[in-house]
Each structure stands twice: as C-alpha cells, then as structure tokens.
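Enquirer: Chain by chain, the residues:
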Amino acid sequence: MADNVVTHPTSTAPGSQWQPRIIGFLCYWCSYTGADAAGTARMKYPPNVDIVRVMCSGRIDPELIMSAFSRGADGVLVCGCHIGDCHYISGNHKTMARMPLVKRILTDLGIEPQRFRHEWVSAAEGEKFSKLVAEITEQVRKLGPLNWPKLMRERGVGHGMDLKAWGE
Amino acid sequence: MSENGNGSKLKIAKYWAASCGGCDISLLEIGPHLLDLIKVADIVFWPCAADFKYKDVAAYEDGYIDICFYNGAIRTSEQEEIARLLRKKSKTLIAYGECAVDGGIPALANLNTKEEIFHAAYLENPSLDNPNGVTPQPITQCEFGELEIPRFYSQVLRLKDIVDVDYEIPGCPPQADRVWEAILALSGGELPARNQAVKVACRDKSVCDECPLEKRLVKIKEFKRPHEVKPEPEWCLLEQGIICMGPATRSGCDARCPTAGMPCRGCYGPSGDVIDQGTAMVSAIGSLLDASNEERAHELIGQIVDPVGSFYRFSMSSSMMKARK
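Protein sequences, first through last, are from chains A and B. Start counting the first sequence at 66; every next residue gets the next number (the numbering used here). Start counting the second sequence at 2; every next residue gets the next number (the numbering used here).
Only chain B is shown next, with the shape it has when bound in the complex:
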C-alpha cells in the first residue's frame, strides 16, 4: 500500500444511506488489515464510527477525499444531498454494498407505493399509538418556528441513478477478502477514477461457477422451502427443489451459502452483463423443470412462493421494471 501522491496519508470517507449498517461492519471484517489501512489512511468522515458532521465535509475543498465508500440506497432527499456532496468532495466514489449498487433489500419497498408504506408504518401497525393519525410532514410549523425533515421519495434509487460512480463493490455485505483486495488496488493507484460504475471486488461468472456442490443433471420434481427439508449434503440445492439463486447471481463470495447448506439469496446482484436478475432466474428454472406438459409446468411453477420477492430480493432497483405499477 502506498500513500497518495502528495506524500500525505490517504483520506477515506464512508457514508450510510438506506442500509442496515452491515456494510460498515463488513469494512471492519478485514481484521488485522485494519492496522495496515490506518498506517496509510486517515478517516475524514464515517458517521457510524467517527464524529464528523455534514458541515465538516462541506468545508473540505473539492476532491479532498481520496476514496469515498457510499453504502445504502437512496430513498430520501437527505441521502441524495449527501451523495451529491460526497461526489463533489471525493476523487473516487465507490458504491459499496448491494443497496448502493442494485437497491438491495430496501428496494423491495418498490413493490409498494409510498402511500401504502406510510399507511402501514404510521396508521395500520398493531403496535401503534397514533389516535390522531399523524403522519410525517416535510415541513411542520411549531412554536419554535419551521421544522423540516428530509423528503421521502416515491421509489428506492441506486447511487448511480443520482451521481456518477467510479466503482461498485456488490454484495450484502461485500466479502472482507474481496474488499481488502479492492482497497489494495485502490490505494496502489490501480483503479483510477473513471465514472463508469465498474464492478470490482467480485467476479463476472455466476455463483454456480464456484460452488462445490455436485450437479447430477436431474430435473426439479418438486419445489421446497429451506425450512421444510433437510438438504442432502454435497448435492446442488436447486436440483433438490430448493430455490437457490446461484445461476443468476454474480460470484465473488466463494459460494459460502450453498457450501454451508443454505441456498444462495442472490446478494451479489445479476452476473456478467445480465441486467435483470429475476428473469435470468426464470430462464434457469425453465430449463430445469421436470415437466413434459403444460399442466405439470403450471403445477410446479405454482409451488414457488413469492417469485418476485425471491428473484429480485437484492436487485429491484436495477431490474427492468424497477417497481410495481
């Protein structure tokens, strides 16, 4: 690892938008390498771990931050504002984690309208105590004057929908080994800023490509959910009828879930040049059904629970349709 060209330490920032915080933890997962990182880099903004304020970032000169990791999708005006601010202040902006890259779990909210979400969260939820039916308003008048909170957008967006992104590190969360490789490449100057949202810290092929489970080339006779069955070890889970997103998912995780007996959930997003992860999975399943007539095909398809939620679990914002009507 080397310091930046001026002989001073690299300046690193990390931000969380619509995300769970797992991406922040995943950076800590690089373990002992953290000490190597701290030797050559300074943290200049990281809401999860360090006490910098937005005004501190605004006071930096443009391009002050060498590498900025932005995790989380964009749902509110605050997240968009900070994305624009960090783009201006950073030489290299990286979408870190599946939410920033493809929408992630938050983008499943695109299957409901903003109104439905507000209704459920503030009016319908059984644990609510809201007799007057108060819902959040962007601007509220009170005795101290006018209060403003960020606006809630009608859809979950990706970082690249808002600003130019140099690189994307997919995964929920990104695997520490891959992240460390990417940090080494970034700090060594091997990944110059180029505004093309190139995916790094992952591979192009599908999870199946690096999965050690055996394919016996048998067709699916029945679909089962993971809790209903104890899978036979060492045998492809999809062939056993458990929906495993491996065929439609980008690799880079070393197929950790299938290796441990759990089906792939699709957290690295679509593989290769595929845009729509869900329909890639439809294609794969279509080739694997044990159905010689239409009735049988319909019967088998009917056994799949929540195809949209399962196939687009992490990539709704990158899908062709992007949302429910």
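Next comes chain A alone, as it looks inside the complex:
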C-alpha cells in the first residue's frame, strides 16, 4: 500500500475552491465496463471520483475502504455486478453482506453515512453510473472535507506520534 496521503491537486492549489475527492472501487466485469459505457456515450459527470478497478467487488477488502478514508478521501464509492450476475458466481454476495456492516462501522466512527455509497452497476448502465457519480459528489460536497489525516494530527501527532504511521 502506498504511503502517500490522498490530496486533490485542485484542493491545494492557491486560490482554488475545495473539490471533493472520492475513491471509487469498481469491479472489472460490470461496473468498470458500465463506467466505460458512460464515457463512450459521452455522458457528462463530475471528475471527482478516482476509479480503482478490481477484478470483483468481492475482493474489495473493507480495509481498503478504511484506508481510503484514513488517508484523506472525502468519500468512497463501491460498485459491483447485480446479484446473480457475478462473473465469479458469488463474489458480490460477499460484498452485499460486508458493505452494510462497513457502513455501520463508519457511522459509529462518526463518519457521515452519505460519504459511503454501495451500488450495483451493470455493463449496460452507463447512465446509472454517471448519475451515481453526480449524486455522491453533490452529497459529499454538501458535507465538506473530511480530512482525516489533519484530524489525527490535531489529536496527538504533536506529542511525538510517528508521522510514518499516519501515512505522511
């Protein structure tokens, strides 16, 4: 795992307005192809979701979601094939069971549930994907920056916390 903190180029440039930075984990067989379809059809949607392509939504270890938030992401989007469509038969059944639990944990940790979204997007649903990205971007924009690394720095780094442990 890379040690760098997630920062948005536009958010650090002087005089620029803050832009939400959202990490999207998309499964290769349906959702990434769906995002591709949105692009091929030249649909317009906000550029705020950085897509990480994975082979199956069932391999999205919830640790990756926590990792994104803890390194400075403002939101996380998880997309996989609809139930019944999984290329690996039952990978997305695991996603279906894990994601509500991830959402509960995030909520208990004080992170607004709107920052995390889990949806099924098929290869044909380019329009659904573009709408989804527009929605989560707007939701996160309303909530403002999360900036977890800054929060943690304020809580104890000054007392001798090993900065490396915080991904800096």
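Bear in mind the hints are in silico, worked out from the structure with no lab data behind them. Where hints are given, some of them may not hold.
Within a straight-line C-alpha distance of at most 25 Å, the following computed DMTMM-like cross-link-like pairs (lysine to aspartate or glutamate) qualify [as the list claims (entries may be wrong)]:
id	chain 1	residue 1	chain 2	residue 2
1	B	Lys12	B	Asp37
2	B	Lys326	A	Asp150
3	B	Lys326	A	Asp173
4	B	Lys222	A	Asp126
5	B	Lys115	A	Asp173
6	B	Lys89	B	Asp63
7	A	Lys193	B	Glu295
8	B	Lys54	B	Asp43
9	B	Lys225	B	Glu240
10	A	Lys196	B	Glu296
11	B	Lys115	B	Glu82
12	A	Lys196	B	Glu295
13	B	Lys115	A	Asp150
14	B	Lys216	A	Asp126
15	B	Lys326	A	Glu200
16	B	Lys92	B	Asp63
17	A	Lys168	B	Glu296
18	B	Lys206	B	Asp274
19	B	Lys40	B	Asp178
20	A	Lys215	A	Glu192
21	A	Lys168	B	Glu295
22	A	Lys215	B	Glu116
23	B	Lys326	A	Glu219
24	A	Lys168	B	Glu240
25	B	Lys200	A	Asp126
26	A	Lys168	B	Glu223
27	A	Lys168	A	Asp115
28	B	Lys231	B	Glu300
29	B	Lys220	A	Asp150
30	A	Lys168	B	Glu117
31	A	Lys168	B	Asp274
32	A	Lys215	B	Glu117
33	A	Lys193	B	Glu296
34	B	Lys206	B	Glu240
35	B	Lys326	A	Asp126
36	A	Lys168	B	Asp307
Got chain A sorted already, so can you dock chain B onto it with the hints?
Expert: Relative to chain A, chain B alone:
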C-alpha cells in the same frame, strides 16, 4: 539461559502505563521458571513489585537495562516521558501486552473525545460529589506553590507511536508459556535489538488455525450473544451465530477461549500482515452470512450489537481510523 556478555546478571525492567496490571501478573504466571529467571537476572525497575523510583532509573547509564518490558498504552505525558526514558536506558525495549502493542482496552476510549471522558468522569457520574464542577488541571496554584500533574492526551497511543520498539509481545495478557519461550530466546541472545517492533511470543496465523472446534461449513442464520445461548460443544461458535473474533485474531494462545466454550475476544490483535482487525472481521462475517438478498443481509447485520466495540476491542490504536471523528 545465560547471563549477559560481561558475566554479570541480566538487568530486567518492567513498567506499567495505561493498563490494568494484568501484564505484571502474567509475568508471574511463568511459575517455577521465576526461580530460573532470578538466578540469571536482576530486577532493576518494576513499580508493581519492587521499590525503585523514577530518579533511580534516570541515574542509570544509557543502555544499563538489558531487557525492558513496557506494558500499557500511552495516554498521559508521564507515560510518554517514562517511555522515552526507558528507551534510552534499555538495550532491548519490548512492548508487552496488547495495550502497548495495539492500544488494548484503554484505546476503546478513542471512541469518545477527551472532553466527553472528562465530562462523564468528573461531572456526570451519579456517584460524584462535585458541586463546584472541579476538573483536573495540569497546573494548579495553591498555598504551597505550583502543583503539576501529567497531561491527559486526546488519544490513546501505542508504545511504537512514541519510541522505537525492538519486539512486541501481544495478548491480553500474553500467555505464560509463550512469554517464557520469549524470555529464553531473549536471554540466550537469539533476539538482538533491531528497532523493528517484530512480534514474538505469538504465531502469525489466526486463532481458527489452532482452534479444535469443528467447522461444519454452514452459514450463519442468526446472531446471538454469549449470555443468550448455550453453545453446542465441539462446534465452531461463529457458525452457531456467536461473534467469535477467531478469524481476525493472531494465534499464540492455543485457542483457550473457544476451547472452553467462550468466543474469542480478539486479544492478540490482528493476525499476519493485517493492519485493521475490525475490517478483517467484517470480511470474515461477510463470507459466512446465510443471506441471498439484501433485505436478509441487512436484517442479519442489524442483529450484531456494537460492531466497533466488538471488532476493535483490543486494536483501536492500530486500526486504520484509530479513533472516532
């Protein structure tokens, strides 16, 4: 066991920071081996058992202590100061017990802010008699002059967040057999100091790996809490719907709790190369639910009581998020 290179006895220190004292007891649990230990080692600092003062430690020359076991997490400036002092005075510094390694039970306080904790402890608690609402201040002026108490940090930290640690012995408390093996290895020179916080006195795999209970490969149909059900003996507790942290927890304890019919609480921290014990447990549970549609998955997940407190019970300070917002 051998003495140190100079022909003199090994010098051993033990300190307690934010901990319950169980780690001190666990060292005594090595039983008759204590006599073997005392033959080759001298205790030079152990607040729980021997009357040495901080100034005695400060007077030792640097590197005087051969092996220092530091148990407890770091919550106050005093604990940080002593961690730095002991690092300077010790050749080998060992984080002993889950609090020093991953935050342990004290790190559950990271789910509340410092202000909330002070409010509950000094202003809200029903057994309090504090009409003037006095709360502890780092510095107080009184007729004798200025009094200073240690500062309370905003978060519970691990020993390795503050100083370089040579080895870590996880567990709440570490099991005596494993501790004795580690002491033998340390005193025999097999574990040289190397500042990499290597975990010893434990194994890499999960508790399930050494658990004798039978897996019947059935899915979880309902979650139950340990007091609500009498588990069927010899059968995997997680499959019976009792939250058992076995799949996400480091082994080394010989699966004592599940063997005795109680679910694993996760006290050895995350296994292998896993960083975040809680989400490792989310992964495991996700693969075990008997749910064919989303409504059913939501229903089952809703039956789990306090997922954060249960899944991160011992490892909040080592988790990805480390605290509540």
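Enquirer: With reference to the structure, classify each hint as holding or not holding.
Expert: Status of the hints after comparison with the structure:
As the CA atoms of Lys12 (chain B) and Asp37 (chain B) are separated by approximately 14 Å, the hinted pair is consistent with the 25 Å bound. For the given pair, Lys326 (chain B) sits about 37 Å from Asp150 (chain A) by alpha-carbon distance, which is inconsistent with the 25 Å threshold. With a C-alpha separation of about 9 Å, the suggested pair Lys326 (chain B) and Asp173 (chain A) falls inside the 25 Å cut-off, and the hint holds. At most 25 Å may separate the alpha-carbon atoms for a hinted pair to count; Lys222 (chain B) and Asp126 (chain A) meet this at roughly 23 Å.
As the CA atoms of Lys115 (chain B) and Asp173 (chain A) are separated by approximately 17 Å, the hinted pair is consistent with the 25 Å bound. The straight-line distance between the Cα atoms of Lys89 (chain B) and Asp63 (chain B) is roughly 6 Å, inside the 25 Å bound, and the hint therefore holds. Straight-line distance between C-alpha atoms of Lys193 (chain A) and Glu295 (chain B) comes to about 19 Å, which keeps the hinted pair within the 25 Å bound. A distance of roughly 16 Å separates the Cα atoms of Lys54 (chain B) and Asp43 (chain B); the hinted pair therefore holds under the 25 Å criterion.
About 11 Å separates the Cα atoms of Lys225 (chain B) and Glu240 (chain B), which keeps this hinted pair within 25 Å; it holds. Annotation: proposed proximity of Lys196 (chain A) to Glu296 (chain B) holds, straight-line Cα distance about 24 Å (limit 25 Å). Between Lys115 (chain B) and Glu82 (chain B), the direct Cα distance comes to roughly 20 Å. Compliance with the 25 Å bound is thereby established for this hinted pair. Restraint check for Lys196 (chain A) and Glu295 (chain B): satisfied, since their Cα atoms lie roughly 22 Å apart, inside the 25 Å limit.
At most 25 Å may separate the alpha-carbon atoms for a hinted pair to count; Lys115 (chain B) and Asp150 (chain A) exceed this at roughly 48 Å. At most 25 Å may separate the alpha-carbon atoms for a hinted pair to count; Lys216 (chain B) and Asp126 (chain A) meet this at roughly 23 Å. Between Lys326 (chain B) and Glu200 (chain A) the alpha-carbon distance is near 24 Å, which keeps this suggested pair within the 25 Å criterion. Only pairs whose Cα atoms come within 25 Å are accepted, and Lys92 (chain B) paired with Asp63 (chain B) is accepted, the gap being roughly 8 Å.
In summary, the hint linking Lys168 (chain A) to Glu296 (chain B) is supported, as the alpha carbons are separated by about 15 Å, within the 25 Å threshold. Of the supplied pair hints, the one linking Lys206 (chain B) and Asp274 (chain B) holds, its CA atoms being roughly 10 Å apart against a limit of 25 Å. As the CA atoms of Lys40 (chain B) and Asp178 (chain B) are separated by approximately 19 Å, the hinted pair is consistent with the 25 Å bound. Restraint check: the Cα-Cα separation between Lys215 (chain A) and Glu192 (chain A) comes to about 36 Å, which exceeds 25 Å; the hinted pair is violated.
Proposed proximity of Lys168 (chain A) and Glu295 (chain B) is supported: the alpha carbons are some 14 Å apart, at most 25 Å. Straight-line distance between C-alpha atoms of Lys215 (chain A) and Glu116 (chain B) comes to about 19 Å, which keeps the hinted pair within the 25 Å bound. As the CA atoms of Lys326 (chain B) and Glu219 (chain A) are separated by approximately 12 Å, the hinted pair is consistent with the 25 Å bound. Between Lys168 (chain A) and Glu240 (chain B), the direct Cα distance comes to roughly 23 Å. Compliance with the 25 Å bound is thereby established for this hinted pair.
A distance of roughly 24 Å separates the Cα atoms of Lys200 (chain B) and Asp126 (chain A); the hinted pair therefore holds under the 25 Å criterion. The suggested pairing of Lys168 (chain A) with Glu223 (chain B) holds, with an alpha-carbon distance near 20 Å, which does not exceed 25 Å. Among the hinted pairs, Lys168 (chain A) with Asp115 (chain A) is consistent with the structure: their alpha-carbon atoms are about 20 Å apart, no more than 25 Å. The hinted pair formed by Lys231 (chain B) and Glu300 (chain B) meets the criterion: a straight-line CA distance of about 23 Å does not exceed 25 Å.
Straight-line distance between C-alpha atoms of Lys220 (chain B) and Asp150 (chain A) comes to about 22 Å, which keeps the hinted pair within the 25 Å bound. Restraint check for Lys168 (chain A) and Glu117 (chain B): satisfied, since their Cα atoms lie roughly 24 Å apart, inside the 25 Å limit. Taking the CA atoms of Lys168 (chain A) and Asp274 (chain B), the gap is about 24 Å. The hint holds against a cut of 25 Å. Using a Cα cut-off of 25 Å, the hinted pair Lys215 (chain A) and Glu117 (chain B) holds, with the two alpha carbons roughly 21 Å apart.
Restraint check: the Cα-Cα separation between Lys193 (chain A) and Glu296 (chain B) comes to about 22 Å, which is no more than 25 Å; the hinted pair holds. Between the alpha carbons of Lys206 (chain B) and Glu240 (chain B) the distance comes to roughly 20 Å, so the proposed pair stays at or under 25 Å and holds. This hinted pair checks out: Lys326 (chain B) and Asp126 (chain A) have alpha carbons roughly 22 Å apart, not beyond 25 Å. Proposed proximity of Lys168 (chain A) and Asp307 (chain B) is supported: the alpha carbons are some 13 Å apart, at most 25 Å.
Checked against the numbered hints given earlier, this structure breaks hints 2, 13, 20; the rest are met.
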